[in-house]
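Q: Chains as they are written, first to last, in the UniProt record's numbering: chain Y, 1 to 426; chain S, 1 to 348.
Just so you know, the hints here were simulated from the structure itself, not pulled from any lab data. Just so it is clear, the structure is predicted and the values come from calculations on it, not from any experiment. Don't take every hint at face value.
[What the hints assert, rightly or not] EDC-like mimics (lysine to aspartate or glutamate), calculated; alpha carbons at most 20 Å apart, straight line: (1) S:K200 with Y:E110; (2) S:K262 with S:E335; (3) Y:K39 with S:D218; (4) Y:K199 with Y:E233; (5) S:K200 with Y:D120; (6) Y:K39 with S:E33; (7) S:K203 with Y:D106; (8) S:K203 with Y:E236; (9) Y:K15 with S:D249; (10) Y:K163 with Y:E236; (11) S:K48 with S:E196; (12) Y:K210 with S:D218; (13) Y:K312 with S:E196.
[Claimed, not checked] Which chain Y residues stay away from chain S? Per the calculated CB distances, all over 12 Å, these: (14) K83; (15) D164; (16) K352; (17) L367.
[Stated by the list, open to error] Simulated coverage check for chain S against chain Y, where a stretch passes if three residues somewhere in it have a Cβ under 8 Å from a Cβ of chain Y: (18) 7-17; (19) 23-30; (20) 147-159; (21) 203-211; (22) 234-240.
Quick reminder that beta carbons are idealized off the backbone N, C-alpha and C, glycines included.
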Amino acid sequence: MKRMFILNFCSNPVKSVLMLIFLMISFSVLNTAMYINDKYGEMTQELRSDTALVDVCIDIYSGFGDLYKDEGGLNRLKMMYKKLASSDLFRYYEIYTQFMYVLNYDGPPEFKYGYDAGYDEDNLLDTPKGKVRASRINCVQVSKNCFDIYNMKLLNGRYFSDKDYLYTSEKPLPVIMGYEYRDYYKIGDVLKGDYIAKKLDLEIVGFLKKDSHIRKGEALLYLDRYIVMPIFECTEEPSDLDERVFQVRHYANKTSGYLKLMKGTVIGEVPGIINSISASCGLDNYSVWHIPYSLKVDFLTLSNEYMAAGLKYLGYILMAVFFILFIILFIKSVRAQTKIFAAYIISGASLKSIQHYLLLEISIFILTANIVGVLVTTAIFRLPYYSIYLLFVSILLLGIIALIIVRTANSGSISQLLLEENKNVD
Amino acid sequence: MVKINWFVCLCGILMFTLIAALNTYINYLGEIERVSEGFYNNFSVRFKSDSFSDTEGLSKLKDLYDNVNMKKFVLYDITDTNNGLGGFVGVLSKNYSDFPKLQAGRYFKEDDFFHGSRVAVIGSNFINRAYFNNNERYVDLLGATYKVIGIFQAYKGASINSAVYYNLDSKNPGGKIFILDARDVKSVARQISIMENSIKLQKINASSNSINRFFHYDRYTYILLVFIIMFILALSSIKVYFVLRLQKDFILVFNLLGLRIKEILYKCFLNFFCSEAISILAFLILNTMVMQTLSSGMWEYYSISQTLFYGLIMIIFTILLELTLVLHFLKRDKETTGEKINEKNVYT
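Excised from the complex, chain S in its bound form (with noise of 0.2 Å):
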């Protein structure tokens, strides 16, 4: 018969709620970050070219398109703004889509670029200036008239909400300092290298203003998620080791009666199963009633997702030390016995 634990779920659901909290932490300190930084990743580079600021320009920038080496990428031309956050940013990309949160409308499509069309992606900052004509919102940028696709926000108060994106080749010529950005660091490196053998360009390691650089959110935030970790790791061991001192003595007697090991661990581990799984269900039914509801301010950056992975990982880790205990035990118990039966022998 299955025997619930419930110092077991408990654990469990008390792991869940930190995991899901400090994920929670994490995924809007990193939000905050890239907001602060006009949303570029922090590998992407920032480089200073000529090459697409003369009439040629626009020919350049379709060759750079059509034979990108990457399958996600964007191409900011931040010539207009200020130091890349407010003003006219420049856009070209090609499944990308890790922009600012968009509040209506949609972001740039492979349609928008080469077929002679005006669209923006206006900041929430900008409705203001952009005026409707047959139902549509239109916006005057750089002396000539775009179709507003999309409004984003990206965070109360930002910087980068006084922004405007616009279809980089609808501008000829374009501008001389960009960014190039990508999912992820080693595409835009390789990008970089190949461009610099076509074009002439020159790296800019322009200083940051995020605001990690003010708060060091970075060096406390690892400082914390170290301890916490222990934290969970210490409240892990702790269940195991309550567990196993309740299922020690039926082990050895287990063991005694000469059940094979494939079987005491089935019995052992049906009860801890059982248990972890009330506790997932427990947290599960607790994120329907209580974290999604909490969808405002840090809880947007909540993610059920996530915290069951990193959840599911600590399940594991318990489960293995528990495993690697129990057949310690059971190791330990057939020595002690075939010396007991030694020392009988002996007797004998």
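Chain Y with its partners taken away, still in its complex shape (with noise of 0.2 Å):
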């Protein structure tokens, strides 16, 4: 039998080679667009799924500058910070958009605060050394436990540690810079900042990969171009009036912050329960709005469900194309093989091992296809990946070239043939 492969692929290597290649590239298509479409399913699911936290969102309700000057307004809004963190009825992420004054910046303009909308002039700070440049730079503070839901992965560099979100002003806060820094600065490089109102090192201790992103309230923040600093715990008691004001206005960033809630905590039970944390710590009412989607996220997310439909309904008909071709394609071929088929059965072949090698051909083929398929793939995106679509493809078509050889690979269907030939040879 396997003689009567190998001398029938050579009798029509151009008919077995197209055939071939024609299934390797339609195997490919399909799992390369399966992929593609599962990949937009995730990143929907992404878009929709609780982790997005836009459920919730804090923000302090009226002005703070009473805490300012009571000397245990700091304490308070500390006590609320750590009830926030430590609730069992939310998960509680800390992200906030405070942009941060670099001195002498010198770096290209689309990094500064304002710079779309084209307010992105300098000022001039007080320093101990007199008046300084300074330009104020796109930056985010972040909690820790942001890194695990959002899409802040690492060009190079480190995350930050715990230690990290443990501020003492002896060493200099590390920062993980967006992708779009990595020409302008490197690891270990040191900015000078002020950080409403305190003066602060930066030490660069990463970069972003290209469009990192988080999910901030009605829109996704890109980071390429933003600074990323730990949102740090204050561990040094404020030895004077300004250290007070800087740290009452960082906490009062800590504690506008997203919620997730827990399995049984309702939405409408949040404002109550976030205004009794406020209370039992002393301080006013805090805002607490629901952000299901916002017109941009429905956009994206609506979107993308027309084209991941849009990417099915093409593989479909990519499938439909491929199998009434190759069934085609399939039996032509077996036609154009009836006097083969002939000889061998008058050379003492059975029609069964016949039947038998038809059908090795096409699993052969079949199967070099679905290998071709999912080695191209893997090269492609980098991963390996299987569409179930594949396998569901490959048996349907076995299955339907088993019956055409049943149906066509008989006796009484070669003979009939082989009558129809010599009849129009006459």
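Dock chain to chain to rebuild the complex, using the hints, since each chain is given by itself in its own frame.
A: Here is the structure:
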């Protein structure tokens, strides 16, 4: 049978190679389309899932001027933060976009706060050395748990450690830079910064991958042009009024984050829960609002659903094309080989072995196409992927081919085909 | 007698269907990418300029409008917008019609500019803020009343539906953040360099928040496109192979009978052309019956003209492939016949 297969393949190599190429391309297209479709599905899930943290946003309700004056105000805010961070009813994520002044900044204007809207003028800040030029740079403060749920992968460097979230004035604050900073700075560089009127040394410890993003309320916030800093805890007690004012403002930022509700917590109860926490800390009410989906995100998910559906339809059309064509090609090929089959039968081969050989030929083609399909997708996306559709198509195709073989490659039809050919020759 | 090759017909119909699906998918993708970006082309230039925000701003705008070096152009003032998406967008356009899809009314024409009128085209989310007066719709914007000349809806759920376009000359002084757009990249670049000589402007390399940035459609679609083109080419090759296999003997016989190449090609291609024509006809019928009725969602972006255009390119490719192979057969046949005659002469 092996010899029979090789003989037949060599007798019409163009046809066999064409069929094989066609099959390989079909399976590769199908596997790739299904991979992309799955990927789109995952991304939609990322937008839709409750870990997207758009459910509740809290912000300080009224000004916090009183807290500056009140010596116990800072402690009340710290207590509020601790209660938020340790609640069993929800998980608390700290995300705040407070720009950072960078002193004597000489990088491109794209990183400046308000650049897209045309407001990127520099300021002069008072320092012990006199007035220094300072640029407002886009900066986002995040808690450690944000790295677990958002697409913030490192291009190089390291993530923030637990120690990085405990600030002391003795060491510089580690920061991770957005992707577009990679051409201007390197790991280990130290920038002089001013974060809500507190002078900080910022040490670059890493760079984010391209298009890293977090979800902040209404929209996706791409971090390519942002400095990411840990939303640290102040370990030192304020030594003067300036320091206290800084810490109050910093903790006001820390208590303005996003919640993910734990199982059993109802969205309608959240304002009451937050306000009871703030009241227990001796603070005013916090504003709590529910953002189910913003227009932008809704549009993204909706469009993507159409896109994924489109790919599926494309996949179905391809499958239909592939099925019909392959079956036609196979029937034509069997008809073309009638004389060869007759010769095999005359030479003593059994009809069953011919049928087995035909099925073997197609099985090898399908197996090769499956392997090539997986290899191609793996090579493109650097991730092994095998769509269940491929298996489904392969089994269905084999079944149909087996049926065709039984119907066309039997003694009756072979002699019938031979008779027809003889008639045509006469 | 013409003999229709049903295999060629079927391949043709399938190829057209595949091209239609792919074309629709790519058109849809382009559309939603633009909607997510505020409907500006990706080659448009955003710039900051204070030149139009002083008391001379209007005359400078008029000067720009009269002397613009482009047949079709649009200048957007996005100062009062949410980064170019929702909000009040000032528009100064000439022969430009590439705006979001209209639900009712019209977009701006040349008479709307510098004639002292206040007109606006509002997004569908803005309808509630418009009111009727003498059967005309009006809306209050930026401290003045504008006549609504059109309503657009780009795409369900899109932020751009919260935008309002108004004629830019109605507001003096103008803003300071603008987007210059046109139909092609060269015109925009040329116009910007001309403007740089007359007014002070600073280009803004704004970061994109487009749908493509999140889903990477461009990357994935490119991969898919390459594969599907390969698939269609393989389909054409198989078609040619089977047609030639059937015709090979005839070609050789015709050649042996001494028919001229022209006649052989005519006989070979007549059947092929007829089969292809039937496939186009069948696709057109299919188009009328099925494709045209699928007018919702993605199928809104299906284009019969583009499908036929790409389909015809594929048919031309198939014909050229077949022509090359037929000529190759004829050449090879002549050579082998010549060799046989030579051999015969040697023996005799």
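Q: Can you list which hints this structure breaks, lowest number first?
A: 8, 13
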